[in-house]
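J.: The task is simple: from the sequences and hints, build the whole structure.
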Amino acid sequence: MAISAARDPRAVAETVTDPELPALTLADLGVLRDVRVHEGTVVVDITPTYSGCPAMGVMRADLLHALHTAGFDDVEVRTVLSPAWSTDWISEEGRRKLAVAGIAPPGKAPVRTTGPVPLQLGPPRRTAACPLCGSPDTEELSEFGATACKALRRCRGCREPFEHVKEI
Amino acid sequence: MHEETVYDALTNAHDDAGHWAFGTGFDDPLAGVDTTVPDGVDPADLGAYCLMLGDDALVLAQRLTQWITAAPELEEEVAIGNTGLDLLGQARLLLARAGSVGVLGRSRSLATGSIPDEDALAYFRDADEFRCTGLVAAGNGDFGQTMVRLLVASTVRLAVLARLRDSGDPVLAAIAAKGVHELAYHRDHAARWVLRLGDGTPESHRRAQAGVDAVWPHLADLFTATDVEARLAAAGVAVDPADVRAEVHEVLTTVLERATLRVPAWPADVAPRGRAGEHGPELTGLLETLQGLARQHPAATW
Chain A
50 MAISAARDPR AVAETVTDPE LPALTLADLG VLRDVRVHEG TVVVDITPTY SGCPAMGVMR
110 ADLLHALHTA GFDDVEVRTV LSPAWSTDWI SEEGRRKLAV AGIAPPGKAP VRTTGPVPLQ
170 LGPPRRTAAC PLCGSPDTEE LSEFGATACK ALRRCRGCRE PFEHVKEI
Chain B
15 MHEETVYDAL TNAHDDAGHW AFGTGFDDPL AGVDTTVPDG VDPADLGAYC LMLGDDALVL
75 AQRLTQWITA APELEEEVAI GNTGLDLLGQ ARLLLARAGS VGVLGRSRSL ATGSIPDEDA
135 LAYFRDADEF RCTGLVAAGN GDFGQTMVRL LVASTVRLAV LARLRDSGDP VLAAIAAKGV
195 HELAYHRDHA ARWVLRLGDG TPESHRRAQA GVDAVWPHLA DLFTATDVEA RLAAAGVAVD
255 PADVRAEVHE VLTTVLERAT LRVPAWPADV APRGRAGEHG PELTGLLETL QGLARQHPAA
315 TW
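Residue numbers (this note's numbering), protein chains in the order written: chain A, 50 to 217; chain B, 15 to 316.
Calculated from the structure, these hints are not laboratory results. Where hints are given, some of them may not hold.
To be verified - Label-pair ranges, simulated between beta-carbon atoms:
(1) B/Ala45 to A/Gln169: 31 to 39 Å
(2) A/Gly120 to B/Ala313: 50 to 58 Å
(3) A/Glu63 to B/Gly294: 49 to 57 Å
(4) A/Arg145 to B/Ser218: 39 to 47 Å
(5) A/Val160 to B/Pro295: 23 to 31 Å
Where a beta carbon is used, it is the ideal one built from N, C-alpha and C, also for glycine.
T.: Next comes the structure, spelled out in structure tokens:
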């Protein structure tokens, strides 16, 4: 317990990386919502990216492991559902790290607050510059990628395929 | 004592129950969420309503899973798999919400012991206890029919969940707000396939039209409220399905006309069937696959 007083639990939690995007921390992704100490227990709030995100259990275990290793014995990881995560929660630092990792960061997420959600019948309007050569001339190969949060694109300039964190 | 590795942390995270739904390391998707039932809401009604929405998602997710290894192209297989995964996530949240308000009942909870409520609800209810609509329980048909069904099912679900963002139950409202983002993506993906197939070759048009004609009768019992829905809608917690009918008709008409497909006559409303537990043999067959492993090897880990 002597160790725990020396370290800030928030700083420890902010070092934990995402299991599927290991270049980014959970804080970069906006998945880590809050870290606080309540009556001697470290309480961590996380929010799922997608309802079915299979990485939530791993995130929870990674957070517990990091905080336990840092000397915090009593840790509780809670899920918060509201407000719902969107890609707008990814920080500027997170977007920079994505691009460095060869993954195109998302643009602005569509605003869906109230009322019916309009149909999008045309080809997806998403655009993304190639994270490898910087060309804006890219095309979508698939609206869905290796994980729920990514689409697959190809650069018409350098011809390389790349992943794109799609806006939701 | 602290776990030495992340793997240990995962496998030791739970005493005996947490290994369950998907192997290791998955736990209550509502962990830490305040699941208090709002004043004036009947917990039994709320639980029954969450089962309706949760079963629709669970059963459609399972249907979509049947395309894995069989989709026409790899990218589409990934798309269908991801769509099913989103729905499975919605089902987990909704079944967990149903469990949190005691829908299993005390005797059932004792019988299923340490199995989490969401798993007990998914794996140990028989077909007549499911509350999904016939629309999602029906077989896939060919790829065209699968996309037409996905279009109809996600259009209805999106319209309902968009309204549920204002539900008087904050848990349901939060689940709905997450689901809206996902469903808009599913619906538009399915709609673009229906456009391509309908306005494609004579063969793809023929098959898409056959898919529409096969799916359409399932619209008949979608817009009549059950007693549970009517009571909860009056309390500001649920959506009366009759309220989404016009929006659903408009979206489907727009897509089909653009796809050069004929819009069949809208079937006359009938009393709820699937929502009342009346299902055909297709759901029984689906559940045999979904539940077989869990029932043969209760609490198995792998």
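J.: Each of the hints needs a verdict: does it hold here or not?
T.: Do the hints match the structure? See the list:
1. Look at B/Ala45 against A/Gln169: about 34 Å separates their beta carbons, and that is inside 31 to 39 Å.
2. The hint said 50 to 58 Å for the Cβ distance between A/Gly120 and B/Ala313, and at roughly 34 Å that hint is violated.
3. Evaluation of the 49 to 57 Å hint for A/Glu63 and B/Gly294 yields a pass: the beta carbon distance comes to about 53 Å.
4. The beta-carbon spacing between A/Arg145 and B/Ser218, approximately 44 Å, falls within the hinted interval of 39 to 47 Å.
5. Between A/Val160 and B/Pro295 the Cβ separation comes to about 44 Å, which falls outside the hinted range of 23 to 31 Å.
Consistency note: the structure conflicts with the earlier hints numbered 2 and 5.
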